[in-house]
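A.B. asks: Sequence:
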Amino acid sequence: MLKILSAEWILFSPEEKPYKHGCIVIEKDKIIDLGPKEEIIPKYQNAELINLGNKLIFPGLVNAHTHVPMSIFRGIAEDLPLMVWLKEYIFPIESRLRKEWVYWGTKLSLIEMIKSGITLFCDMYLFEPEVIKAIEEVGLKVLAGEGLFDFPSPSYGPLEKGFELTQELLENFDKHPRIKIAVSPHTLYTCSPETVKKCLNIAEKYNAKIHIHLCETKDEIIEVKKKYGKKPIQILHELGGINENLIAIHCVKLTQEEIELMAKKDAKIVHCPESNLKLGSGIAPLTEMLRAGIKLGLGTDGPASNNDLDMFSEMRTACLIQKGLREDPTVIKTNDVLNMSTCWGAEILGFSDTGKLLPGYKADLAVLDLSHYSMQPDYNPIALLVYNAKSGLVSDLMVDGQWIMRNYKILSIKEEEVIEKVKNIKEEILSLLSKK
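Our numbering numbers the first residue of the sequence shown as 1 and each following residue consecutively.
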């Protein structure tokens, strides 16, 4: 049956003005029509009419980089630089990671992301089949990749088994409508150039995305240069890895020359401002990247280094720090970060049929409650999304024309069960930490 959604405001895409008292028409998993109420409702008299009232319907947000199971480590190591946080705290506890932790940590993060209006995300972690299992049960979309390292993984063991697992996932999910697989070498300080080259070969064989942390901190660049005599970008370029399938995460420490190289090769970059700030990594040259024409996404990074999965907050931060850093409020616009968080992010992850609410696109959308005091007055719905909205103000979420959350209730997750499981996992982790 056809569905017509109507609301006070509809944002069809970041490039178009929000539409007051509009409607969108959904058939199965796609949007087939849109327009004013007085035209659409008489045109589709047999459709189910769903009047959402004082709400803003907008394209589902895209969290273009995260590590969702790491919600179980939220708060475990704070006020530390990246290399100390990672090598002295996260890697040691991850060496004892259990797949059931990954499953329930993913479920916890899915609750948070749904309530933040996220319909699609990109994940790199361990025991990624458990991540995918949880996502399939809930109904969101994902570009997922098993994190690959030179050292043994608690998930797959030796690196060769990691390559095998990645190829198995690529083959198993080749035609899946909601799940795509990336080849995910962690970084150039945990993966040798030889490892990265093998990853590039696998990606080329399957026409897959390469998802890698790159130039996140000055310490990373120093460490890689000390090991190999070259900067990370130079190594990746010489390996043939800077291309249209590259999704480079962070890129905080890029020179202008490196930015121009990334633009020339049509490589993609995902900006994670709040994690970069929290870990003291610096501020990425986002303004220069935009000017160079690089296709950019926005991500929260993991919930252990952010510490939330709120894309509204990420959009606000991305805007504010660039304006303050440049002492110029015009250097970045609300439309820029909204593009990064919707259609650009979707395109980067290989889901070019989502990110806009236009005919032919998938019906992946979120609904923001405008009745909250912080959402009024509603002169400018785009400004409300970027500067005012917060996780928890999303009342409804739809993926492929199916409700995932309706009237603030997630339909495919028992929230109380997830929270209870995570409490138990916390006790297991504390017990392990006490035995160090």
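Hints in this document: simulated from the structure, not taken from any laboratory.
Just so you know, not all the hints are guaranteed correct.
Estimated spans, in silico, between C-beta atoms of each pair [stated by the list, open to error]:
1) 377 / 88: 45 to 53 Å
2) 99 / 260: 53 to 61 Å
3) 37 / 432: 24 to 32 Å
4) 39 / 160: 54 to 62 Å
DSBU-like cross-link-like pairs, simulated, lysine-lysine; straight-line CA separation at most 30 Å [unchecked claim]:
5) 409 / 390
6) 133 / 225
7) 278 / 17
8) 265 / 3
9) 390 / 30
10) 43 / 20
11) 205 / 278
12) 28 / 333
13) 218 / 175
14) 426 / 99
15) 264 / 161
16) 265 / 175
17) 390 / 333
18) 225 / 265
Ideal Cβ placement from N, Cα and C applies to all residues, glycine included.
A.B. asks: Hint by hint, work out which the structure violates, then give me just those numbers in ascending order.
C.D. replies: Hints 2, 3, 6, 7, 8, 11, 12, 13 and 15 not satisfied by this model.
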